[in-house]
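In order, the protein sequences belong to chains A and B.
Per my numbering, the first sequence starts with residue 31, numbered consecutively.
Per my numbering, the second sequence starts with residue 149, numbered consecutively.
Hints in this document: simulated from the structure, not taken from any laboratory.
Just so we're clear, the structure is a prediction, and the values are computed from it rather than from any experiment.
All C-beta atoms, glycine included, are put in the ideal place defined by N, C-alpha and C.
There may be inaccurate statements among the hints.
Taking CB as the label site, the calculated pair distances span [claimed, not checked]:
no. : chain 1 : residue 1 : chain 2 : residue 2 : range
1   : B       : Lys164    : A       : Ile280    : 44 to 50 Å
2   : A       : Leu647    : B       : Lys164    : 40 to 46 Å
3   : A       : Thr183    : B       : Lys151    : 49 to 55 Å
Computed from the model, here is a short list of chain A residues facing chain B with C-beta under 7 Å [unchecked claim]:
no. : residue
4   : Tyr96
5   : Ser97
6   : Lys291
7   : Glu544
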Amino acid sequence: MRELYTVALAGNPNCGKTSLFNALTKMHQSVGNWTGVTVEKKTGLYHKNKRIQIIDLPGIYSLSPYSLEEKIARDYLIKQKPDLIINIIDSLNLERSLNLTLQLLDLGLKVVLALNMKDELQKKNITLDTQKIEDALSVKAVAISAAKKTNLTLLMDIVWKELSTPKEKKLFKYSEELEKEIRKVQKKYNIDRFFAIKLLENDLEIKKTLNLENQDLKLVNLQDQFFLYRNKKAECIASKALNKSLNKSITHKIDKVMTNKYLAFPIFFFIIWLIYFFSVQLAGKYILTLMEGALEELINLIKTRLTLPVWAEGLLTEGVIRGMGTVLSFLPQIVILFFFIALLESSGYMARVAFIMDRLFYKIGLSGHSFIPMILGCGCSVPAIMSTKTIKDFSQKKMTIILTPFVPCSAKLPVFALFIAAFFPNNSLVAPSMYLLGILTVILVSLILKRTKPFINPKGSFIMELPPYRIPLVTNVFMSIWQKSKDFLTKAGSIILVSSISIWFLSNFNYKLEMVEAKYSLLASIGHLLSPIFIPLGFGDWRAAVAILSGTIAKETIISAFSVLLGASGHNLILSLKEMFSPHAAYSFMAFTLLCFPCVSALAATKKEMGSNKWLLTAMTIQFSTAYAVSYLIYNIGGLVLYNIWFITIPLFFVIVFMVGHFIYKRLYYRR
Amino acid sequence: MAKKTLERLKKGVIGKVIDIKCPNTIKKRLMDMGLCLGAKIEYIGKAPLGDPLLFKVKEILLALRKKVAKDIIVEI
Ligand SMILES: Nc1nc2c(ncn2[C@@H]2O[C@H](COP(=O)(O)OP(=O)(O)O)[C@@H](O)[C@H]2O)c(=O)[nH]1
Ligand SMILES: [Mg+2]
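Next comes chain B alone, as it looks inside the complex:
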């Protein structure tokens, strides 16, 4: 079981969200959009210029800036 910040998740690896350290409004938003604690998340790729990053939670595609992804902790 390794812990990582979300922006360092590798392609094809599925992580489980264990902590969201973003400010409360953003955390709430992420959870409402489907990225909640315990959710399985997969890194899909990044935008052509390197930021934002694209993740998949269930069938939902979420784009997050690196700055936000850094505050999300996953467990592999």
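Extracted from the complex, chain A is given alone in its bound form:
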């Protein structure tokens, strides 16, 4: 007998896979990523029999994948070949689910059916005859409720029995003509039955897998015939197994309110406001202040009680403890954020968000899901970027992650406040102009990115299922919060800690590794080295470069960096800044602070959600070049405006020409 058996959970989205997974594995589960992508991979051990390993696959509608997630699920099934598939079926959508079941049977693996939502069927007084399904498909079927945990032990006993007996050949047979074609293809290419069927269904991915993509196989395309045959069979089984069809659910009534023409937006904004208030305002500010107080206490304690060499004390207090403090300070925000997101997702509302916001966003290559990160971004980019987990489409997710930091987060506000006090004390438009600049940049950059290769969305059409509204399961919400917070602490946390220690080191040591004042530190040397880059933007002073560098730790650090480097604070700081910047250079500096890549914490979150260093670098490059270009324009056009108002007409002329050209191009394009 083997040591470990793998059992995969497969089924349509929202059929209850994760609920069953959580019920079967309890705390014996771990979350990772599928290799190379940031789609979650959940594996766990059955809590009553640790020899059964369970894998929660992404939801699939068929074995001909359409999205990345579906491709992952199918590749897993055909390449890794689990010992058994538990096919979870939403009994309320029996017919459609059986279409998938029939394809799973083509794989030739052991399959057990779990007919979920038994409780809801009972509530609706519908009976489901599992025997009829077993007879029709010759596989075992159990009616369960993942939510109420009914019949789960029975299900797993059957699974164990199936695992420990050798598999008998039980395949689902198609019509005589189709079977003949299948046999022909199988023989010709010497492949498994499943591959033959998919070739006949004209599946391009399978062609690639078999290295046949460049050949014209001269096969008849039987896609429709296969579909129809399965569909008829599924319909027939479903009508035999269920004693009556479903009546209207309450979902329709709730939707009348939630997606109502007049109420949809107010309700949506209220919900976003709730999330914003609790996670960014309350947790982000209030709990943060408490934690910072505690942190100062701890640092003081270390300074007074322990006698350490200066460098060790600095490393401990400024590097390690502050770094860990930063990591921990994000934790309350993230816990609360994922509490709400889990609620929205498992109640079914998240799908409605995409539905009602779609119109606003698809023109710029994003979807309604991108809206939540952007709003959260006004508070802090870290939870904002973490919330892009809800975006299923990978190219949209990447774009949203890159664009979100352009929204002014609350840590940038003190920097703006300082500069406004110094340079534009009587101009009330400067502060709002930062928000406007942020939003315009989001729109412009997304319009550009949308047309570049990695972000083009080939399947841009919006086809989405709105699942029925359901009351979320406490365990599901709890598991989700727990996994995501743990993930953040371990993955993003380590990056934040390391960079906080590095910045401490750079700003306290010179190249001879002697401890020095900030002015003579390695960071200052780097500042000197980098400062020429910023001359075209109007702030070529090395201290500005150092301030920007220290801003990568947290944007508000820019202020303390200036204050240390200029040796001034309060009113004197304002005076010294005035000597350093001209007003339009100051505005250019503000724009640069707004748009340049975010602090390390947000970068750590970016890396985590993007899944690779390559993508992190891409994001940083796009953000840096955007900031550079915008600041360049602001400084130079701003300068010209100050000295000669007419010069503004030249760039304006180009913008107008571009817009008119774009308009004409579009007209012609649509005429075709």
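Got chain A sorted already, so can you dock chain B with the ligands onto it with the hints?
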């Protein structure tokens, strides 16, 4: 028996899908999600800004952009 494109189906009227003219990948997707030839489909409403549209096939709620719905032919 009148033929219509799906986006012109009226509320409360049930149509039968007779043709899906979308590109093959999208057609396949629609069929996998339950919107197949012969299925009975009902228009439920639209998003507050007019697009996408919401349809019901059996107990499944499907949201489709107008662009996609235009390529689906129903018979009433
Ligand atoms: N009434 C009822 N609801 C369930 C059952 N199983 C899952 N759900 C709910 O169905 C929704 C989707 O479940 P989930 O496990 O996230 O589905 P997944 O997308 O397949 O992972 C959640 O709101 C669950 O609470 C069940 O047996 N009965
Ligand atoms: Mg799930």
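Cross-check of the supplied hints:
1. Lys164(B) to Ile280(A): 44 to 50 Å: Given about 27 Å between the Cβ atoms, the range is violated.
2. Leu647(A) to Lys164(B): 40 to 46 Å: The hint (40 to 46 Å, Cβ to Cβ) is violated, given that leucine 647(A) and lysine 164(B) are roughly 53 Å apart.
3. Thr183(A) to Lys151(B): 49 to 55 Å: The hint (49 to 55 Å, Cβ to Cβ) holds, given that threonine 183(A) and lysine 151(B) are roughly 53 Å apart.
4. Tyr96: Holds, about 5 Å.
5. Ser97: Not OK, violated: serine 97(A) not within 7 Å of chain B, min 9 Å.
6. Lys291: holds (5 Å)
7. Glu544: With a minimum Cβ separation of about 63 Å from chain B (threshold 7 Å), the hint on glutamate 544(A) is violated.
In terms of the numbered hints stated before, the structure departs from hints 1, 2, 5, 7, listed from lowest to highest.
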